[in-house]
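Fit chain B to the given chain A structure using the hints.
For the protein sequence lines, the chains are A and B, in the order given.
Going by numbering that gives the first Met the number 0, the residue at position 17 of the first sequence is 16; the numbering climbs one at a time, nothing skipped.
Going by numbering that gives the first Met the number 0, the residue at position 265 of the second sequence is 264; the numbering climbs one at a time, nothing skipped.
These are computed hints drawn from the structure, not numbers from a lab.
Warning: the hint list may mix true and false statements.
As the list claims (entries may be wrong) - Straight-line Cα separation of at most 20 Å, EDC-like style, residue types lysine to aspartate or glutamate; simulated pairs:
hint: 1; chain 1: A; residue 1: Lys292; chain 2: B; residue 2: Asp41
hint: 2; chain 1: B; residue 1: Lys312; chain 2: B; residue 2: Asp72
hint: 3; chain 1: A; residue 1: Lys3; chain 2: A; residue 2: Glu100
hint: 4; chain 1: B; residue 1: Lys132; chain 2: A; residue 2: Glu232
hint: 5; chain 1: A; residue 1: Lys238; chain 2: B; residue 2: Glu110
hint: 6; chain 1: A; residue 1: Lys95; chain 2: A; residue 2: Glu140
hint: 7; chain 1: A; residue 1: Lys238; chain 2: B; residue 2: Glu5
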Amino acid sequence: MLLKKLTEASGVSGNEKEVRDIIIEEIKEYVDNIQVDKIGNIIAYKKGRKDSPRLMITAHMDEVGFIITGINDSGLLKFTTVGGIDHRILVSKPVKVGKKEIPGVIGAKPIHLQKKEERLKTLSLDQLYIDIGVNSKEEAEGLVSIGDYVTFYSEYVEFGNDLIKAKALDNRVGCNLLIDLLKSNTDLSFYAVFTVMEEVGLVGAGPAAYTVEPEISIILEGTLCSDDLDTEEHLIPTKLKQGPAISLLDRTTLFNIDFRKYIVNIAEKNGIPYQFRKTSFGGNDSGKIHQAKSGSTTATISVPCRYIHSPISVMAKEDYKNTYKLLKFILSEIEKGDF
Amino acid sequence: MNFNSELAKKLVNIYSPSGDENNIREFIKDEIKDFVDEVEIDSLGNLIARKKGKGKKIMLAAHMDQIGLMVTDIDDKGFLRFTNIGGISPVLSLGQKVIFKNGTVGVIFAEPVDNIGKLKLENMFIDIGVLNKEEAEKKVSIGDICVYESGFSENDNVIFSKCLDDRIGCFVLIETLKRVKNSDNDLYFVFTVQEEVGLRGARTSAYKINPDLGIAIDVTSSGDTPKAKRFAVSLNKGTAIKVKDNSILTHPKVRELMAEVAEENSIPYQMEVLEFGGTDSGAIHLTREGIPTGAISIPTRYVHSTVEMSSKKDINYSVDLLVKLLEKTI
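Chain A with its partners taken away, still in its complex shape (with noise of 0.2 Å):
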């Protein structure tokens, strides 16, 4: 199960090597040019029979996770956090260090320790360590180093109607349509890139558009789903098992309009379920490609997903069948050349 395989992997902005590595051997066959550019970008070319629009679809490899900054004298580790991550769910949450991936846990002083003032707030990085269960400083270091990157540990679980919980899932979801739209049989050529670092800045995307120069892209993304009782409906972004979600505008990209209608009117004429992305909150790759040289068109089409930068985020498989779907057919659409 490749998502399993995509979700469990590492790939803390910045070392996205493992995830990189199982998509250079998932997508390599598939093909006609692949290269990994200085930053770490999968820039990855399919000729089909149709060569233009130069179309690019693009999902980012990174996700958030920490970095170790200062072991203890009794061996318990200092860190801090790599992209954004809310402090309020790190307590007690189990973890993999470095390259040897060493099992540890967030630990905190127990409640019964806590002053009453402190149990009212959240615990700051500075209360919290990584406990890897070693007895020193001298036994810790032969484990773990300054710098190291932590993931956390979280395994991929299937439950509930068709839902699957993983970690990652913002944005290996998006890695895992790209792959499957490289191994499908698609007459139009486009180049599928991988980027590094976006949780971190869309540090990635520039340096790939520069080189790709699209004049079309597609971004994949995992996004913010908050479909609880307790959100107004007007606040709620996306929700689970409504369709892919097409974004109107974030903080970094105001879609094209009439690419965005485009891509409604196949979904409409094929009976594809969507949604809108309601909110102009976040970003994604897609504020660093539409503005990278003299500038070009994009779109964000998403997979809803609940609770994401944390170690359990939630989607649901209909959500990514229909993305998948409604990707083909805008591939087909745009071959069709009436865009």
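Frame of chain A, contents of chain B only:
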């Protein structure tokens, strides 16, 4: 004093939020086509008009877009919820009229709040006067954008209207390109898109043009209203030559050149040291290997409201300065 009120009035009344600048682009293209050698529209939608010359490549940028509100949700009763495109103030929006591209008019109001100062856009809505969701959906869809709707007013001194930011910059560019006659320079008049959301059109058009010199034309604030924050720019005291804002420290040679040309031609000017805000110049000067860039600003009161106010004299002086600057061999 001659002031082309008719053109100003037309410009501010055209619907053109960031991301959907089609209408204004068509209008400007029509207005300028007889005065330039080439016109091009790039992939983000910037309108690039060139007056060819053998000298230095100069890029002039005024943005076509205006702030707006995008519909994100339509409730059962037909009320619209929205998010901002650019700097929309909740307080200044309360009670304002808005208009959609198809002419649908609505009013902005809010859920009851205890403290009006704490008003947030997420507690506000647009009422387009329909009875239910079905009726609303016939007029408006999720993703549609509306802009403030307000009239154009003037007296001998000033004009006031919505979106003088930056239609008045477009006005200055249009009037300039009509008047510039004897220029050796290779002039690119760029009417940019998406300035209000992050100088996006200027970034990509500057990359394409790769100019030797960049100049943005935009509104700036003013410090001449009761108890205003200290800011040495006033209406009616001339065009403003930008020294800095949050997006740029203008190239000293560019601003010195501007001041020099103003002195030579007795054009009233003031130096603008702005402690916030930004203009297209911010994106242009960081393009490729860096481009010497400055900005000419039109002092404007009440920016991002429906009643922005600029002085006719200042606007005309801005045109004068730009014409003289472009006719100089640089």
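Practice item. For the pair we were handed, Lys238(A) and Glu110(B), check the Cα-Cα distance against 20 Å. Key: violated, 25 Å
Review point. Given the hinted pair Lys292(A) and Asp41(B), is their alpha-carbon gap at most 20 Å?
Key: Measuring from Cα to Cα gives roughly 12 Å; hence the hint holds.
Check your understanding: Given the proposed pairing of Lys95(A) with Glu140(A), does the C-alpha separation stay at or below 20 Å?
Key -> holds, 15 Å
Point to revise | Distance restraint between Lys132(B) and Glu232(A), which requires alpha-carbon spacing of 20 Å or less | key: holds, 14 Å
Point to revise | Given hint Glu100(A) paired with Lys3(A) - CA-CA distance at most 20 Å | key: Between Lys3(A) and Glu100(A) the Cα gap is close to 17 Å, so the pair holds against 20 Å.
Point to revise | 20 Å limit on alpha-carbon distance, applied to hinted pair Lys238(A) and Glu5(B) | key: violated, 49 Å
Review point. Between Lys312(B) and Asp72(B), does the CA-CA distance stay at or below 20 Å?
Key: violated, 44 Å
In summary, the numbered hints that this structure violates are 2, 5 and 7.
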